[in-house]
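J.: Those sequence lines, one after another, are chains X and Z.
All residue numbers for the first sequence refer to numbering that gives the first Met the number 0, where the first residue is 0 and numbers rise by one.
All residue numbers for the second sequence refer to numbering that gives the first Met the number 0, where the first residue is 0 and numbers rise by one.
Treat the hints as calculated values from the structure; they're not laboratory data.
The structure displayed is predicted, hence computed values, not measured ones.
All C-beta atoms in this analysis are idealised placements derived from N, C-alpha and C, irrespective of residue type, glycine included.
Possibly wrong hints are sitting among the right ones.
[Said to hold, decoys possible] If the Cβ cut is set under 10 Å, some of the chain Z residues that face chain X in the computed set are:
1) PRO88
2) LYS91
3) PRO106
4) GLY116
5) MET154
6) PHE179
7) VAL185
8) LYS218
9) ALA219
10) TYR221
11) TYR688
12) ALA693
[What the hints assert, rightly or not] So the derived label-pair ranges between C-beta atoms look like this:
13) ASP164/X - ALA459/Z: 22 to 32 Å
14) LYS218/Z - THR20/X: 33 to 43 Å
15) ASP79/Z - ILE90/X: 54 to 64 Å
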Amino acid sequence: MISLLRTIGLTFLHMFRKRETIQYPEEKVSLHPRWRGRIVLTRDPDMGERCVGCYLCAAACPVDCISLQATEDENGRRYPEFFRINFSRCIFCGYCEEACPTYAIQLIPDFEMAEYNRQDLVYEKEDLLIDSQGKYPGYNYYKVAGLDSGVKGKGEGHNEDPPIDVHSLLP
Amino acid sequence: MSLEVKKMAIIYIDHKAYEVTPGKNVLETCLTLGFNLPYFCWHPAMGSVGACRQCAIKLFKDEDDTRGRLVMSCMEMVKDNMYLSIDDPTAKAFRAQVIEWLMTNHPHDCAVCDEGGACHLQDMTVMTGHTYRRFNYPKRSYKNQYLGPFINHEMNRCIQCYRCVRFYKDYAGGKDLDVFAAHNHVYFGRAEDGILENEFSGNLAEICPTGVFTDRTLKAHYTRKWDMTTAPSICQHCSLGCNIIAGERYGELRQITSRFNGEVNGYFLCDRGRFGYEFVNSTNRVQQPLIRSKSSDATDKQSLYHYLKNILATDKIIGIASPRASLEANFALRKLVGKENFYQGIPEMEALLMRCILYILNTGHVHSSSLKEMESADVVLILGEDPTNAAPLMALAIRQAVRREPIQKGEMYIAHPTQTKLDELASNAAHLSPDEIARLGYAIANALNKNAPLPENLNANTLKLAKRIARILKKATKPLIISGTSLGSESIIKAAANVAFALSTDDKKASLSFIVPECNSMGLAMMKAPSLMHAKETIENGKANTIIVLENDLYRRSAKKEIDTLFNLCKEVIVLDHLHNETTGKASVLIPVATFAEAEGTMVNNEGRAQRFFQVFSPKNENFRESWRWLDEFRQFKDGINPEELKVPDDLMTEMVASMPQFKGAEAVTPDADFRMFGQKIPREPHRYSGRTAMLANINVSEPKPHEDSISALSFTMEGYKGMPPAPLIPFFWAPGWNSVQSINKYQEEVGGSLRGGDPGKRLFPKMPVLEKIFMNHIPPVFSPLPGEWQILSLPQIFGTEELSIYTPGVAERAPKPYIAINKKDAKSLNIIENESLQVQIQDQNYTLPVRIKKELPDGLAGIPYNIPGMCGIGWPAKGTLKKGKT
Ligand code: SF4
Ligand code: SF4
Ligand code: SF4
Ligand code: SF4
Ligand code: FES
Chain X
0 MISLLRTIGL TFLHMFRKRE TIQYPEEKVS LHPRWRGRIV LTRDPDMGER CVGCYLCAAA
60 CPVDCISLQA TEDENGRRYP EFFRINFSRC IFCGYCEEAC PTYAIQLIPD FEMAEYNRQD
120 LVYEKEDLLI DSQGKYPGYN YYKVAGLDSG VKGKGEGHNE DPPIDVHSLL P
Chain Z
0 MSLEVKKMAI IYIDHKAYEV TPGKNVLETC LTLGFNLPYF CWHPAMGSVG ACRQCAIKLF
60 KDEDDTRGRL VMSCMEMVKD NMYLSIDDPT AKAFRAQVIE WLMTNHPHDC AVCDEGGACH
120 LQDMTVMTGH TYRRFNYPKR SYKNQYLGPF INHEMNRCIQ CYRCVRFYKD YAGGKDLDVF
180 AAHNHVYFGR AEDGILENEF SGNLAEICPT GVFTDRTLKA HYTRKWDMTT APSICQHCSL
240 GCNIIAGERY GELRQITSRF NGEVNGYFLC DRGRFGYEFV NSTNRVQQPL IRSKSSDATD
300 KQSLYHYLKN ILATDKIIGI ASPRASLEAN FALRKLVGKE NFYQGIPEME ALLMRCILYI
360 LNTGHVHSSS LKEMESADVV LILGEDPTNA APLMALAIRQ AVRREPIQKG EMYIAHPTQT
420 KLDELASNAA HLSPDEIARL GYAIANALNK NAPLPENLNA NTLKLAKRIA RILKKATKPL
480 IISGTSLGSE SIIKAAANVA FALSTDDKKA SLSFIVPECN SMGLAMMKAP SLMHAKETIE
540 NGKANTIIVL ENDLYRRSAK KEIDTLFNLC KEVIVLDHLH NETTGKASVL IPVATFAEAE
600 GTMVNNEGRA QRFFQVFSPK NENFRESWRW LDEFRQFKDG INPEELKVPD DLMTEMVASM
660 PQFKGAEAVT PDADFRMFGQ KIPREPHRYS GRTAMLANIN VSEPKPHEDS ISALSFTMEG
720 YKGMPPAPLI PFFWAPGWNS VQSINKYQEE VGGSLRGGDP GKRLFPKMPV LEKIFMNHIP
780 PVFSPLPGEW QILSLPQIFG TEELSIYTPG VAERAPKPYI AINKKDAKSL NIIENESLQV
840 QIQDQNYTLP VRIKKELPDG LAGIPYNIPG MCGIGWPAKG TLKKGKT
């Protein structure tokens, strides 16, 4: 009997505590930057597409909901010809972001993606690509890679010596 | 199984005893035993050089030695009572350090590197445990070179293992790839930018353990190894039937890699085979059934069925088979039209040569040599063939026979009208007319065995050469005779047979190998049907009025006029093919069919080996159906079955063997469709295959049910048995920790040896003598050119001659432009110099061709590249007249 009254009392006291429930959607939630929501494709500091079409995100995805095709521009810079995420399958695990060697694919704190029609959850590159570097500013993969893809010449990259002169036998 | 018992050696690895075969190196022995020992420079086909220092292990003096010393396992031979350690901390640290050093200069490229996911360097780095870069200084960089349409160059990724030059220069005889500069600046490339000339350059993509050399055609539609749907397949581009793995993604064929077969192609492929696949993706594919008499051309399956049902019921039909279609397809045609109305789609000349070859190989007095066996021949005699162009991988095998070091070098003798690439290795290369080649062959046979006929009026030089060759052949323990159909000479083939017969004894048969024109020429010949000429007669006599042409462009077979007449006499011309060509242009009913990548089938290679290729993927276009499926349906109509009640044919191969026992064994070259590994099918896709729930989501977000494969033990998905499939069913090579092609090690009984359970394919020719050994006598008279008339020679071209590979832009780029080759003397008599044009009349075709002077050509012979675009439609053998052009 006493314990019963005590429980009622405690519950009653909670009415005067700070409320956890928020009045969504009038009131917005504040999410942390590392919250795993909507997936975007970002751009490098020079506003070039960051994704190099390496297929690692697709391979890492446990539900296989990423599919893309790599292609190259006239300079040999690789980028995705198409990039598709089927969000009706995505489980927002963030493995793709973890696998991405270029910081291209990122999960951002936004979950407002609901649709009435499942087909509308299939996002193409146009829907994914944003004009921002996202969470990791400053990184440009093509500047640290050895490849010359029109971003920097051979030997002009980060921490790279000028190309070897094949005709020289000097030590 | 040989009864000889090999003495085994006992070695101790990390205190555990193993029984191993002596005479192998420690590295391959450890790999055979299943250890994961990293290596770079050693390759099972090329041996060890000890250059990379990656395979270090500890070797101890004896059981009590605890210090031991570091050795390179690839450089140590297995000896009895060897004490080794792989896990020794010093050895492990050494191996990790070697990788760390290599990585100090390695670019940060994996994401954009085509090797990634199939990279031996990645695998070895993970294996040694090197994970973090401690070296902070700048990386070395190199400029790349343009190496042609097949191979991409990215020199920064090189780890200086020297495999590329060892393969290209030493193994394949290439001249234009080398190592330049010195110390830590060494550079692997050409002296200057330009196309890699060697016919086997594509193998660099597999030989190079890194992404320096990669497949350029793959780059154009890049897909990682793990994302491809692959199936075991057979190369369609010459008669050798090299084993390939064909990979598909998004409905397109994307890559061909070598599928190891110890008896056939081993680790390698030629560039025609590796890169000639793009015809499958060609825009020139026949997309829909057409009935040309109908107002709107394209038609659907139902109206096609109804149209054909009437024709099949009333018309008198003959069937034209094809040397590039599978046995199944050809047999389905034979069943449809009946045995007596079934014709080989090849000219009488070729049919004759094939009959002759079949007879010789079926006598049982000669051994039809596999490519593997060729590699160990000690004397090679080539009569009238240019293997580098006609059957490229055979040239690679012969090269190994001749350069076998250090034991003893093989010897080679060549007789061919023009210079061939193998001449450089030959002890003697005689450039003779076809008739003289045959006479030389007969003379050799006579010098070996007096019962063989001797040509009359032999000139002294030829006789001397014949005697010399005979003497060498007699001493040989493994002589090999090579000939073939390229020059279209029956006499040469018979002369080659005589030499082999003369060398053969009852217990030791001489090896003989014939190069035949196409991938299934041998299989078709074994069906023993009359040639195209007889088909024409039948139509001309009015005994038939409708013709069904199976996967065959008849305009490539014979003079244009003849084929025109043939088609004009037919009421209906029904053509089944995958690409539009001149023949499909004449079709009144045109039916699209599947290519090798979209179909399953069996072929017989030049050796008489039946091999099966499997369907790689289900094409998006449902009209791309196997020829045998269409043809069997037509047969059902003929038998009165309605289009609505069609059935899938039961096992065509079994039925075929029942009606043609010469194919016995061909039905069982692979496990059948009910075969399961622990109740599961063998998946065509690796377990890392990605994008399943997204690749078709743009069309419909609900994924369709995957296609089912009811005719084989393979599945089109990634689900199924994950372990090692039986050898004929290996869709891709992969083992835990081994993502690159180097994983083949794990699939072999003994590293470098045959696949577990035996190499796939089954030889159909008899082992035992079945016919009497009778020397052939078809000696041509002395060749003497007639004034004003030239004998036209067909010169096969690795790039250009083959009908399908030409659809790959790179192959077309490498194909020669039409030309005519004559010698200096003839050029002088025509008052013409190199590159000027000649008016050439062959039969009733006129060509204007630039002249190429080949000084070795005998007088009165003019060579033209065989069946390259623009030069088809010649009836062989051909004579022609040459006149200086007016321009
Ligand atoms: S992992 Fe990153 S770079 Fe690679 S394909 Fe995915 S998004 Fe592009
Ligand atoms: S060669 Fe291998 S390790 Fe080097 S960049 Fe290419 S994939 Fe990566
Ligand atoms: S290019 Fe490739 S094969 Fe040649 S040395 Fe470098 S890593 Fe080895
Ligand atoms: S040698 Fe012939 S069968 Fe082998 S890969 Fe080349 S074309 Fe294909
Ligand atoms: S594999 Fe032994 S040193 Fe290279």
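J.: Run every hint past the structure and note whether it holds.
T.: Against the structure, the hints:
Checking PRO88/Z against chain X: minimum C-beta separation of about 32 Å lies over 10 Å; hint violated. For LYS91/Z, the interface hint is violated, the least distance from its beta-carbon to any beta-carbon of chain X being 28 Å, above 10 Å. Proximity of PRO106/Z to chain X holds as hinted, the smallest CB-CB distance being about 2 Å (cut-off 10 Å). Proximity of GLY116/Z to chain X holds as hinted, the smallest CB-CB distance being about 8 Å (cut-off 10 Å).
This hint holds: MET154/Z has a C-beta 9 Å from the nearest C-beta of chain X, less than the 10 Å allowed. Interface hint status for PHE179/Z: upheld, as the beta-carbon distance to the closest one in chain X is roughly 5 Å, under 10 Å. The beta carbon of VAL185/Z comes within 9 Å of a beta carbon in chain X, closer than 10 Å, and the hint placing it at the interface holds. The interface hint given for LYS218/Z holds, since its Cβ lies 8 Å from the closest Cβ of chain X, which is under the 10 Å cut-off.
At a threshold of 10 Å, the smallest CB-CB gap from ALA219/Z to chain X is about 8 Å, leaving the interface hint in force. A cut of 10 Å between beta carbons decides the hint on TYR221/Z: the least distance to chain X is about 5 Å, and the hint holds. Given the 10 Å rule on beta carbons, the hint for TYR688/Z holds: about 8 Å separates it from the nearest Cβ of chain X. Here the hint on ALA693/Z is kept, as its CB sits about 4 Å from the closest CB of chain X, short of 10 Å.
Hint check: ASP164/X to ALA459/Z, Cβ distance near 58 Å, so the stated range 22 to 32 Å is violated. Separation of LYS218/Z from THR20/X is about 55 Å and departs from the stated range, judged on CB atoms against 33 to 43 Å. The hinted range of 54 to 64 Å is satisfied by ASP79/Z and ILE90/X, whose Cβ atoms lie roughly 58 Å apart.
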